[in-house]
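There are 2 protein chains.
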Amino acid sequence: VPVSKTHQWLEPGPIVLVTTAGRRAHNIMTMGFHMMVQHDPALIGCVIGPWDFSYNVLRKTKECVIAVPPVSLARTVVDIGNCSGEDVEKFEQFKLTPLQAKTVAAPLVAECLANIECRIEDTRLVNRYNLFVLRVSVLWANRKRLDPRKLHHNGDGTFSVDGRTIDLRERMVKWRELID
Amino acid sequence: VPVSKTHQWLEPGPIVLVTTAGRRAHNIMTMGFHMMVQHDPALIGCVIGPWDFSYNVLRKTKECVIAVPPVSLARTVVDIGNCSGEDVEKFEQFKLTPLQAKTVAAPLVAECLANIECRIEDTRLVNRYNLFVLRVSVLWANRKRLDPRKLHHNGDGTFSVDGRTIDLRERMVKWRELID
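Sequences listed follow chains A and B, in order. Here the first sequence is numbered in the numbering used here, starting from 1 and rising by one per residue. Here the second sequence is numbered in the numbering used here, starting from 181 and rising by one per residue.
So here's chain A without its partners, still in its complex pose (with noise of 0.2 Å):
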């Protein structure tokens, strides 16, 4: 899919799954803060600290893979955020597929609606407020016919599922190169 798509996923806000390579063996997050930064070519902001075990393998390895995870993964997505990769390897732990990304060592979820393989941009913000700018290399859309209806975290352990889509594209007349 192309990069420039990347908006589509990231946009409406989804709790999403962070992918590195580490020495020993791949981790995965969870993340509730995030945007896009940029369209094309698309820029994501995220944050992620040293209270996470990710935190030092991304600032060494320049580069992770932004995992949309479906409502069927729920649990899953809560209980990845409330342990650690010092503590446990996760993806055996909770029966998800690592998949070989294109341009990253970071792997893919092959459960997930959408990876995006991501290398870090700017960093300038990341000492004051653990601030990533990521530019995303590679979209990928899974093809199987997974429950297309993401997550919200509404930031206290409960999440709000994607419910009815309203279709407003006719009003885009300012932003028509947006409508597919």
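There could be a bad hint or two in this list.
Quick list of simulated restraints, FRET-style, between CB atoms [what the hints assert, rightly or not]:
{"id": "1", "chain 1": "A", "residue 1": "Pro148", "chain 2": "B", "residue 2": "Ala205", "range": "37 to 43 Å"}
{"id": "2", "chain 1": "B", "residue 1": "Asp347", "chain 2": "A", "residue 2": "Val1", "range": "31 to 37 Å"}
{"id": "3", "chain 1": "B", "residue 1": "Asn307", "chain 2": "A", "residue 2": "Arg143", "range": "36 to 42 Å"}
{"id": "4", "chain 1": "A", "residue 1": "Val173", "chain 2": "B", "residue 2": "Ser252", "range": "17 to 23 Å"}
{"id": "5", "chain 1": "B", "residue 1": "Gln273", "chain 2": "A", "residue 2": "Val1", "range": "33 to 39 Å"}
{"id": "6", "chain 1": "A", "residue 1": "Pro148", "chain 2": "B", "residue 2": "Lys354", "range": "43 to 49 Å"}
{"id": "7", "chain 1": "A", "residue 1": "Ser72", "chain 2": "B", "residue 2": "Arg308", "range": "37 to 43 Å"}
{"id": "8", "chain 1": "A", "residue 1": "Asp147", "chain 2": "B", "residue 2": "Lys240", "range": "42 to 48 Å"}
{"id": "9", "chain 1": "B", "residue 1": "Asn262", "chain 2": "A", "residue 2": "Lys60", "range": "39 to 45 Å"}
{"id": "10", "chain 1": "A", "residue 1": "Arg143", "chain 2": "B", "residue 2": "Asn236", "range": "43 to 49 Å"}
{"id": "11", "chain 1": "A", "residue 1": "Lys60", "chain 2": "B", "residue 2": "Arg308", "range": "22 to 28 Å"}
{"id": "12", "chain 1": "A", "residue 1": "Arg176", "chain 2": "B", "residue 2": "Arg325", "range": "32 to 38 Å"}
{"id": "13", "chain 1": "B", "residue 1": "Glu350", "chain 2": "A", "residue 2": "Glu86", "range": "21 to 27 Å"}
Subject to a maximum C-alpha distance of 30 Å in a straight line, what follows is the list of computed DSS-like cross-link-like pairs (lysine-lysine) [stated by the list, open to error]:
{"id": "14", "chain 1": "A", "residue 1": "Lys174", "chain 2": "B", "residue 2": "Lys242"}
{"id": "15", "chain 1": "A", "residue 1": "Lys95", "chain 2": "A", "residue 2": "Lys60"}
{"id": "16", "chain 1": "B", "residue 1": "Lys354", "chain 2": "A", "residue 2": "Lys95"}
{"id": "17", "chain 1": "B", "residue 1": "Lys185", "chain 2": "B", "residue 2": "Lys240"}
{"id": "18", "chain 1": "B", "residue 1": "Lys354", "chain 2": "B", "residue 2": "Lys282"}
{"id": "19", "chain 1": "A", "residue 1": "Lys5", "chain 2": "A", "residue 2": "Lys60"}
{"id": "20", "chain 1": "B", "residue 1": "Lys354", "chain 2": "A", "residue 2": "Lys62"}
{"id": "21", "chain 1": "B", "residue 1": "Lys324", "chain 2": "B", "residue 2": "Lys275"}
{"id": "22", "chain 1": "B", "residue 1": "Lys354", "chain 2": "B", "residue 2": "Lys324"}
{"id": "23", "chain 1": "A", "residue 1": "Lys62", "chain 2": "A", "residue 2": "Lys102"}
{"id": "24", "chain 1": "B", "residue 1": "Lys354", "chain 2": "A", "residue 2": "Lys60"}
{"id": "25", "chain 1": "A", "residue 1": "Lys174", "chain 2": "B", "residue 2": "Lys240"}
{"id": "26", "chain 1": "B", "residue 1": "Lys275", "chain 2": "A", "residue 2": "Lys174"}
Coverage of chain A stretches by chain B, computed from C-beta distances (three or more under 8 Å per stretch; other residues unrestricted) [as the list claims (entries may be wrong)]:
{"id": "27", "segment": "11 to 18"}
{"id": "28", "segment": "43 to 56"}
{"id": "29", "segment": "60 to 69"}
{"id": "30", "segment": "89 to 95"}
{"id": "31", "segment": "98 to 105"}
{"id": "32", "segment": "152 to 162"}
{"id": "33", "segment": "165 to 178"}
Keep in mind that the hints were calculated from the coordinates and are not lab data. Just so you know, these numbers come straight off a predicted model, no measurement behind them. No residue lacks a Cβ here, since even glycine has one placed at the ideal position from N, Cα and C.
With chain A's structure known, arrange chain B on it following the hints.
Just chain B now, with coordinates in the frame of chain A:
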């Protein structure tokens, strides 16, 4: 409402409105590129560019209000994003009610679920990415019985409306302080 609850409004990734206090009139725009950067003190990252009429006002006044619209405002949210404050007095045009904020000159939006008063905290990534870091000074939650469902922009003029809620608070063993 305590400022430390801001993430409960923004982490789920709703489309939002942003108001600023212009010289002639209030401005209001639609924004989809934003995230939480820090829980407490609450910091927000967002992208507002020179293509937005509000950009210069925000840089000059250094303050804004981020408002979270309910599903009932879906058409208004799209229409606000598809015209410019250069041509239209949007509060009038879209029959929105500006209310006096507490710490900023930008107005609250009476019809929204929550209003977040913000001041610019950091502009170091503005020149390169139009990325502002904002600090929340006051958080308002609307007491009227509005439909609480939020809108999530799929990036193409379609929106996902909040559906059912999944409660996984009991699994938040590591992040207990986030649970009310």
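Quiz item: Within the segment 152 to 162 of chain A, is the number of residues with a Cβ closer than 8 Å to a Cβ of chain B three or more?
Solution: Held - the segment 152 to 162 of chain A has 11 residues with a Cβ nearer than 8 Å to chain B, which meets the minimum of three.
Quiz item: Is the hinted range of 32 to 38 Å satisfied by the C-beta distance from arginine 176 of chain A to arginine 325 of chain B?
Solution: About 37 Å separates the Cβ atoms of arginine 176 of chain A and arginine 325 of chain B, which means 32 to 38 Å holds.
Exercise. Using the beta carbons of valine 173 of chain A and serine 252 of chain B, state whether their distance is inside 17 to 23 Å or not.
Key: Once the Cβ atoms are compared, 22 Å apart, the range 17 to 23 Å for serine 252 of chain B and valine 173 of chain A holds.
Practice problem: May I ask you to test the hint 39 to 45 Å on the CB atoms belonging to asparagine 262 of chain B and lysine 60 of chain A? | Solution: 44 Å, holds
Quiz item: Within the assertion that chain B covers the segment 98 to 105 of chain A, do at least three residues meet a Cβ-to-Cβ distance smaller than 8 Å?
Solution: Coverage by chain B is violated here, the residue count being 0 at a Cβ distance below 8 Å.
Practice problem: Could you see if the CB distance from serine 72 of chain A to arginine 308 of chain B stays within 37 to 43 Å? | Solution: 39 Å, holds
Practice problem: Starting from the range 36 to 42 Å, see whether the pair asparagine 307 of chain B and arginine 143 of chain A falls in it by beta-carbon distance. | Solution: 40 Å, holds
Quiz item: Taking only the CA atoms, is the gap from lysine 185 of chain B to lysine 240 of chain B under or equal to 30 Å?
Solution: Holds: lysine 185 of chain B and lysine 240 of chain B sit about 28 Å apart, inside 30 Å.
Quiz item: Could one say that the CB atoms of aspartate 147 of chain A and lysine 240 of chain B fall in the range 42 to 48 Å?
Solution: 47 Å, holds
Quiz item: Is the straight-line distance between the alpha-carbon of lysine 354 of chain B and that of lysine 324 of chain B 30 Å or less?
Solution: Distance ~34 Å between lysine 354 of chain B and lysine 324 of chain B Cα, so the pair is violated.
Exercise. Given the range 43 to 49 Å, decide if the beta-carbon distance of arginine 143 of chain A to asparagine 236 of chain B lies inside it.
Key: 45 Å, holds
Practice problem: Take the segment 43 to 56 of chain A, compare each residue's beta carbon with every beta carbon of chain B, and decide whether three or more fall closer than 8 Å. | Solution: Our answer is that it holds, as 4 residues pass the Cβ test (under 8 Å) against chain B, meeting three.
Consistency note: the structure conflicts with the earlier hints numbered 6, 18, 22, 29, 30, 31.
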